[in-house]
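Trainee: As a plain string of letters, each chain reads:
There are 2 protein chains.
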Amino acid sequence: MLNNLLIIGCGLIGSSILRACSSKKIAKNIFVNEKSKSNIKKLKRLKNNFKIVNDLKTILPKMDFIIICTHMSEYEKIITSINKHLNTKTILTDVGSSKENIIKIFKKKLNKDISWISSHPISGSEVSGPDHGSGLLFKNKWCILIKEKNTDNKKLKILTNFWKRLGSRVLVMDAKKHDMIFSLTSHLPHLIAYNLIKTATDFEKRKNYNLINFSAGGLRDFSRIAASNEIMWRDIFFSNSKNLSQVINLFIQNLKSFKKNIQRKDDKIIIKKLKDAKKVRKKIIKLKQDINRPDFGRG
Amino acid sequence: MLNNLLIIGCGLIGSSILRACSSKKIAKNIFVNEKSKSNIKKLKRLKNNFKIVNDLKTILPKMDFIIICTHMSEYEKIITSINKHLNTKTILTDVGSSKENIIKIFKKKLNKDISWISSHPISGSEVSGPDHGSGLLFKNKWCILIKEKNTDNKKLKILTNFWKRLGSRVLVMDAKKHDMIFSLTSHLPHLIAYNLIKTATDFEKRKNYNLINFSAGGLRDFSRIAASNEIMWRDIFFSNSKNLSQVINLFIQNLKSFKKNIQRKDDKIIIKKLKDAKKVRKKIIKLKQDINRPDFGRG
Chain A
150 MLNNLLIIGC GLIGSSILRA CSSKKIAKNI FVNEKSKSNI KKLKRLKNNF
200 KIVNDLKTIL PKMDFIIICT HMSEYEKIIT SINKHLNTKT ILTDVGSSKE
250 NIIKIFKKKL NKDISWISSH PISGSEVSGP DHGSGLLFKN KWCILIKEKN
300 TDNKKLKILT NFWKRLGSRV LVMDAKKHDM IFSLTSHLPH LIAYNLIKTA
350 TDFEKRKNYN LINFSAGGLR DFSRIAASNE IMWRDIFFSN SKNLSQVINL
400 FIQNLKSFKK NIQRKDDKII IKKLKDAKKV RKKIIKLKQD INRPDFGRG
Chain B
150 MLNNLLIIGC GLIGSSILRA CSSKKIAKNI FVNEKSKSNI KKLKRLKNNF
200 KIVNDLKTIL PKMDFIIICT HMSEYEKIIT SINKHLNTKT ILTDVGSSKE
250 NIIKIFKKKL NKDISWISSH PISGSEVSGP DHGSGLLFKN KWCILIKEKN
300 TDNKKLKILT NFWKRLGSRV LVMDAKKHDM IFSLTSHLPH LIAYNLIKTA
350 TDFEKRKNYN LINFSAGGLR DFSRIAASNE IMWRDIFFSN SKNLSQVINL
400 FIQNLKSFKK NIQRKDDKII IKKLKDAKKV RKKIIKLKQD INRPDFGRG
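Residue numbers (the working numbering), protein chains in the order written: chain A, 150 to 448; chain B, 150 to 448.
Check each hint, because a few of them may be wrong.
Same chains, same label: a pair holds when it works inside one copy or across any pair of copies.
[Said to hold, decoys possible] Here are the simulated lysine-lysine pairs, DSBU-like style, with alpha carbons at most 30 angstroms apart:
| id | residue 1 | residue 2 |
| --- | --- | --- |
| 1 | K424 | K190 |
| 2 | K354 | K421 |
| 3 | K288 | K174 |
| 4 | K405 | K391 |
| 5 | K191 | K424 |
| 6 | K391 | K356 |
| 7 | K427 | K437 |
| 8 | K417 | K191 |
| 9 | K405 | K354 |
| 10 | K296 | K306 |
| 11 | K325 | K405 |
| 12 | K226 | K391 |
| 13 | K304 | K174 |
| 14 | K174 | K211 |
| 15 | K427 | K288 |
| 16 | K424 | K354 |
| 17 | K226 | K190 |
| 18 | K414 | K326 |
| 19 | K409 | K424 |
| 20 | K186 | K427 |
| 21 | K226 | K211 |
| 22 | K428 | K354 |
| 23 | K409 | K354 |
| 24 | K288 | K431 |
Don't read these hints as lab results, they were simulated from the structure.
Build the full structure now, drawing on both the sequences and the hints.
Mentor: Written out as C-alpha cells, the structure is:
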C-alpha cells in the first residue's frame, strides 16, 4: 500500500484513478490538485476518501506517487512549478496520449536526479469530467508504460503493479513505437471522424439539405468519437503531428486508390478490399477489442 | 390487408419484411423467392407463414405487391425475367440503397405500362442473412420513397402505408436528392471505414507492428461498419460512384486542410473545428439518430 498519492488534474481519468485507488485501498492518503471550481464541486460529491490541496509545495516532498492527469498542454507549466519540490524517491507518471514530445519536456524541465516514467491507459470516452469517472475504467484495458534507456527498473515494476491493481493489462514499449502505433489506431480515427463531420456540415451548407436527420446510415457511428474533448484532442494532434501527418498521407493515398477502383468498377479489387476489412474486424473481436454483438441502431 | 405479397431475395432485409408482414398480418399469402440454399434452410426454421416459390411465371400476375430485396447488381436480371408476367395493378418496389442508376434500369427494362416506386429503408447492420432479420428492424427508422414525374399517387399512398405498418417513418424525395444525401451520410462513412482498416493493415505490414491489439482507442469503432456485406457495398459504391467521388474529393480537401492546421498549430481554428463537430453530435442525438449513452468500450 502506498502512503501518499497525489493526483494532479482530476477529470475523467484522474477521478477514475481516485475512485479505484480509494476503493482498492491502493494508498493510505490520496491528495487531489484540481484547478476547475466546477470539477471540485463534482469531486466533493464523491464518497471516496481524499483531500483537495491547492498549495503543493509543502506536500510534494512527502509523496510516494504522483500522477498528472491534466491536458498535455499543461504539463510544462506543472513540471516547472513542482520540479524543485520533488523527491527523488517518488514515482512520477502521467497519462498523456502521445509520448515523444512530452518526454522531451520532462527531460528539459526536470532536475536530472528526478526520473519520470510515462503511462498511457487506453481508456476513455467521448465524455469528460469527474462525474463520468469510474473505478472500473481501466479494467481489462491496456496501459502502455514507456521505457527509455535510463528508466529505473525498480520504479517501473512499482508502476506496473500500480496499473495492474487498477485492472489494466500492462505493456512496456518505447515512446517512438508508442506514438507510431497510436497515430494509427487512435489519433487518425479521431481526426477522420472529426473530418467526416466537418465534411457533412460543409456539404449540408452547400446543398442546403438536412443531412443530419439521415445520419443513422453510418455517419452517426463517427459522430460519437467526434464529440470527444477538444482540448485533449488538439493537444494530441499537435503533440503527435509528425506521425499523424504520415498516416494522413497514407490514408489519402489509399482513399484515392479506392476512388479509382470505384470509378473503373474494378470488381475483383474492391471485393478483395472489402473482404479483407471484414477479416480485420474478426481479428479485433478475437482480440477482445470489441464485442461481437451486431448493431442495428439506437436503443 | 394485401392478398398476395412476393418477396424476391430474402436475406436480412427481406426476412425482416417477411417477419413483420407475417406477424402484423399485412398480407394473406406471402411468397418468397430465394436462390441461396443456405438462406432457404435458415428461412425454413422461421415460424412465419409463407411459401417458398421457384417458378415465378405463374404467380406473378396474381401478386398485389412485389418487393425486391436482392443485391442491386441482380436487379437487371430479375426485372428482365419477370417483366412480361407483371400485372399493371401490382405495387412494385425494391429496397436498394442508391436510386438514380437503378431507376434507369427499371425504365430501360420494364414495359411502359408497368410502374415502379423505389423504397430505401434506412436500416440494416454489419451482419447479413435471414437468421439476423427482425420484425422490428424498420421500427422508428426512416424509409425513403422515390417520387418521379410519372409516379402514380395512389400506388405511392399504398406503399407509404405499407412501410408505416412496418413501423417506418416515411419520407418522399426524388432520386437525385436521395443519392446526394446518402452519398454523404452513409456511402462515404462506409468507404472511410473500409479505407481506415486498409490503411491500418498497410501500416501494420510496413512497420511490422501488431496494431490491431490496440484498436480500442478509436479504430475499433470503424471496424464494425467495415465488416458489412461486400457485395452490397460494392454495388452501392459502383451505383452511386458519381456522387461518392464528389464527396470523397470534399473529404480529402478538408483532411488536407486539417493536416495543415495541425502542422502549423493553428490553435483557434482547430478548437473551432473540434467544437463544431461536438455540436453536430448533439444535433444527431436530439434528432434521435443515436442514443446519448457514453461508450467506454466493450461489454
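Trainee: Could you run down the list of hints and mark each one as holding or not?
Mentor: Quick rundown of the hints versus the structure:
1. K424 x K190: between (51 angstroms within a copy, 24 angstroms between copies)
2. K354 x K421: between (36 angstroms within a copy, 17 angstroms between copies)
3. K288 x K174: within (16 angstroms within a copy, 48 angstroms between copies)
4. K405 x K391: For K405 and K391, the Cα distance is within 30 angstroms both inside one copy (22 angstroms) and across copies (14 angstroms).
5. K191 x K424: between (47 angstroms within a copy, 23 angstroms between copies)
6. K391 x K356: between (35 angstroms within a copy, 16 angstroms between copies)
7. K427 x K437: Both ways: K427 and K437 sit 15 angstroms apart in one copy and 28 angstroms across, limit 30 angstroms.
8. K417 x K191: Cα proximity of K417 and K191: across copies only (29 angstroms, versus 56 angstroms in one copy).
9. K405 x K354: both (25 angstroms within a copy, 20 angstroms between copies)
10. K296 x K306: within (11 angstroms within a copy, 68 angstroms between copies)
11. K325 x K405: Answer is both; intra-copy 28 angstroms and inter-copy 24 angstroms each pass.
12. K226 x K391: Within one copy only: 23 angstroms inside, 51 angstroms across.
13. K304 x K174: within (20 angstroms within a copy, 69 angstroms between copies)
14. K174 x K211: within (19 angstroms within a copy, 75 angstroms between copies)
15. K427 x K288: both (27 angstroms within a copy, 27 angstroms between copies)
16. K424 x K354: between (35 angstroms within a copy, 17 angstroms between copies)
17. K226 x K190: Result: close within a single copy only, 24 angstroms intra versus 67 angstroms inter.
18. K414 x K326: between (38 angstroms within a copy, 23 angstroms between copies)
19. K409 x K424: Cα proximity of K409 and K424: one copy only (18 angstroms, versus 33 angstroms across).
20. K186 x K427: This pair counts as between: shortest inter-copy Cα distance 23 angstroms, intra-copy 47 angstroms.
21. K226 x K211: within (21 angstroms within a copy, 79 angstroms between copies)
22. K428 x K354: Close across copies (15 angstroms), not inside one copy (37 angstroms); limit 30 angstroms.
23. K409 x K354: both (27 angstroms within a copy, 23 angstroms between copies)
24. K288 x K431: Classified as both: same-chain Cα gap 22 angstroms, cross-chain 29 angstroms, threshold 30 angstroms.
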